[in-house]
Amino acid sequence: MLSIQNLHASVAGTEILKGLNLEVKPGEVHAIMGRNGSGKSTLANVIAGRSDYEVTEGDIRLNDKSLLDLAPDARAGEGIFLGFQYPVEIPGVKTSYFLKAAVNALRKYRGQEPLDAFDFMEILKEKTELLELDESLRSRSLNEGFSGGEKKRNEIFQMAVLEPKLCILDETDSGLDIDALKLVANGVNSLRDGVRSMIVITHYQRLLDYIVPDVVHVLQDGRIVKTGGPELALELEKHGYDWVDGGAA
Amino acid sequence: MSATHLELAVKDGGESCKSKGLRAGCEQQPRPLAAWLAVLDTEGEPKWLANARRNASTAFAQVGLPTRKNEEWRYSEPRIRGLESASFNVTTTAAIPAGINLTDLGIPMLGGRTMVFVDGDFVPSLSSPLADGVQLLPLAGALADDSLQARLSLTGGQETGFDLLNTALFKDGVLVDVPKNVDVSEVFHLIFVNRIPGMATHPRVLVRLGANSRLHLIESRVCTADESLSNSVTQLQVGPGATLHHVATLEGSAGNSRQLEHIAVSVAADGRFRSNLTVIGSSESESEGPSALVRVDLDVDLVGEGAECTLEGLYLGAANDHIDCHTRIDHRVPCCTSRQLYKGILAGKAKAVFNGKVLVHVDAQHSQAQQSNKNLLLSEGALVNTKPQLEIWADDVQCAHGATVGRLDEDALFYMQSRGLPKTEARKLLRVAFANEICSGVRSNPMRAHLEEVLASWLSRVDASLAVTP
Numbered sequence: 001m002l003s004i005q006n007l008h009a010s011v012a013g014t015e016i017l018k019g020l021n022l023e024v025k026p027g028e029v030h031a032i033m034g035r036n037g038s039g040k041s042t043l044a045n046v047i048a049g050r051s052d053y054e055v056t057e058g059d060i061r062l063n064d065k066s067l068l069d070l071a072p073d074a075r076a077g078e079g080i081f082l083g084f085q086y087p088v089e090i091p092g093v094k095t096s097y098f099l100k101a102a103v104n105a106l107r108k109y110r111g112q113e114p115l116d117a118f119d120f121m122e123i124l125k126e127k128t129e130l131l132e133l134d135e136s137l138r139s140r141s142l143n144e145g146f147s148g149g150e151k152k153r154n155e156i157f158q159m160a161v162l163e164p165k166l167c168i169l170d171e172t173d174s175g176l177d178i179d180a181l182k183l184v185a186n187g188v189n190s191l192r193d194g195v196r197s198m199i200v201i202t203h204y205q206r207l208l209d210y211i212v213p214d215v216v217h218v219l220q221d222g223r224i225v226k227t228g229g230p231e232l233a234l235e236l237e238k239h240g241y242d243w244v245d246g247g248a249a
Numbered sequence: 001m002s003a004t005h006l007e008l009a010v011k012d013g014g015e016s017c018k019s020k021g022l023r024a025g026c027e028q029q030p031r032p033l034a035a036w037l038a039v040l041d042t043e044g045e046p047k048w049l050a051n052a053r054r055n056a057s058t059a060f061a062q063v064g065l066p067t068r069k070n071e072e073w074r075y076s077e078p079r080i081r082g083l084e085s086a087s088f089n090v091t092t093t094a095a096i097p098a099g100i101n102l103t104d105l106g107i108p109m110l111g112g113r114t115m116v117f118v119d120g121d122f123v124p125s126l127s128s129p130l131a132d133g134v135q136l137l138p139l140a141g142a143l144a145d146d147s148l149q150a151r152l153s154l155t156g157g158q159e160t161g162f163d164l165l166n167t168a169l170f171k172d173g174v175l176v177d178v179p180k181n182v183d184v185s186e187v188f189h190l191i192f193v194n195r196i197p198g199m200a201t202h203p204r205v206l207v208r209l210g211a212n213s214r215l216h217l218i219e220s221r222v223c224t225a226d227e228s229l230s231n232s233v234t235q236l237q238v239g240p241g242a243t244l245h246h247v248a249t250l251e252g253s254a255g256n257s258r259q260l261e262h263i264a265v266s267v268a269a270d271g272r273f274r275s276n277l278t279v280i281g282s283s284e285s286e287s288e289g290p291s292a293l294v295r296v297d298l299d300v301d302l303v304g305e306g307a308e309c310t311l312e313g314l315y316l317g318a319a320n321d322h323i324d325c326h327t328r329i330d331h332r333v334p335c336c337t338s339r340q341l342y343k344g345i346l347a348g349k350a351k352a353v354f355n356g357k358v359l360v361h362v363d364a365q366h367s368q369a370q371q372s373n374k375n376l377l378l379s380e381g382a383l384v385n386t387k388p389q390l391e392i393w394a395d396d397v398q399c400a401h402g403a404t405v406g407r408l409d410e411d412a413l414f415y416m417q418s419r420g421l422p423k424t425e426a427r428k429l430l431r432v433a434f435a436n437e438i439c440s441g442v443r444s445n446p447m448r449a450h451l452e453e454v455l456a457s458w459l460s461r462v463d464a465s466l467a468v469t470p
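The listed protein sequences derive, respectively, from chains A and B. Counted from 1, the first sequence has number 63 at position 63 by our numbering; the numbering is strictly sequential. Counted from 1, the second sequence has number 86 at position 86 by our numbering; the numbering is strictly sequential.
Isolated chain A (complex conformation) (with noise of 0.2 Å):
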């Protein structure tokens, strides 16, 4: 599914990845996990296509399809999906509107033909039904004056709702309480069918004990130092990430 060799990409001048190398099969979960300040943000920001941060060296490919020359929403159309740790806040435009406007450029994208009105409202009652969601979520304008767990919870739907192949969940836990964590991780669960591939980023173990990864990585200065079962994230909850210092050298 996902591809990533010798990943070198700065921001502003400086390099935060520095040869990260990652392969990630249909239908796994893997976590990345890390300090801050490790390259986790910037990685799934690359492989977004946020033009801020530049490639300077190796590859990100999608089922062999190299990314680097895609824009952001081309890239959505190949299949990406970043979950944003800041889900930003869009004044004046309604979660509904812009999932259509969003589904529809995701079809013309691949070649098919709009959803109307009728089938697309179809598809948010049950995404909605799906993640238990309020129905007025979508009324409203995106995030705008949306809780922590609100937004977080809206970007779930909105995965739900464009069906990505690749979801990249950067910090969906951070600011969450237990309650919306658990909200959150079921949303995520729900969406896991064996074919659906996720990188889910995080700082704390604590995101999964709720969505239980197949592989765990640990990012060090822009590389992946270490590489593990699940046990890997329970073992740095422990030890701590000095653990992995020591590990390493």
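Calculated from the structure, these hints are not laboratory results. In this text, a Cβ means the ideal position worked out from N, Cα and C, and glycines have one as well.
Simulated crosslink set (DSBU-like; lysine-lysine; CA at most 30 Å straight-line):
1) B:423 to A:125
2) B:374 to A:151
3) B:428 to A:100
4) A:94 to B:423
5) A:94 to B:428
6) A:100 to B:374
7) B:423 to A:151
8) B:423 to A:65
9) B:428 to A:108
According to the in silico footprint, chain B covers these stretches of chain A (three or more CB under 8 Å from chain B):
10) 46 to 52
11) 72 to 79
12) 82 to 88
13) 93 to 101
Partial pick of chain B residues on the chain A-facing surface, computed with a CB cut under 7 Å:
14) 411
15) 412
16) 415
17) 418
18) 419
19) 420
20) 421
21) 422
22) 429
23) 436
Got chain A; can you put chain B on it based on the hints?
Showing chain B alone in chain A's frame:
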């Protein structure tokens, strides 16, 4: 868009000569405005009106048109420079061609009561006046009433040369009287179209709402006439406990035209005034030559305790447009509230001014005043001068103001792109959302739909012109 096609009636060519005030215009040649004052013919008009016109004319000779020295007119001045010596016609004998219709001019059909003026002349065949109880009448026919004398004077004594010209030269306009305790269910729609190049019109609108009454008044002003001047004065009196919702759109799509409107409002105790203004320049014209000036001066006097006003405005400028939006709110007595939100989108080499003055007078304790002005610049050459002015003489008040000038939020663009929207579409959506905050305040559904459509089409024209320029 409404499918209604209302054809303007072919007018009797000589009719406008019969109108009062400017009989001299029958054999007219274009003349400078001051020369029109010199031939002012008030024969047949009531004495008070003749006096008012002569006084205004005398005062104009002293004051003249605003100059650069007048701070409030500093930015407009280049577009009105030389206007005093420019020649205009002030009445027309031209028949209105049968082929034109209001819908083609982009004027929405809203139902309710309509009053239509074309090049300053009342068009009865398209209008639906009211004379029983609630009054909605052409002003010219009502001038015999002496009581109008008091209503004609602009309070505050800050009449500009344009106000004086209007008083001296107004030919017609609208008189609205809503008696106390009447809730007018129909929307009143006033339509002013200027089509003939080189014309100067000075429409006057007098509106009075009695105590505890309610009215929804919509004005559409469209100018397609090159080298023309539309100089209107609109006076709105909101009685105690009354509510006036005033929606006005001004569109200038002609080269070198000047469209000025002075709206003077007074709000009595516990009265409510809600204004929603849309000003659109001439994004059609890509020429380097002078294009439209559109200027609105909205003055609100809060004269009774508990009076409230909410002013929302949207200005859209492209090409070489110049748009001036001035507001002045006087909190004269305690416990009044004012809110203002003005937003602008500017492209090309358009210039806009937002000048928002709030005066809290010394006795006006417990005043609440909020003002916000937000601008979106779509091109390097666009310019906005935003000038919030708060003058507070009372000590127990809550006042806040803020102004922003910026470009679209890159974070928002990336967010939307990451969900699959191409950047051009994301931009479009963000611009529409920015402006829709103002349109959404319009309560008449057909008018709101019309404004949303106007906005969308303006934005797509601007988008197209942005795509051409690198």
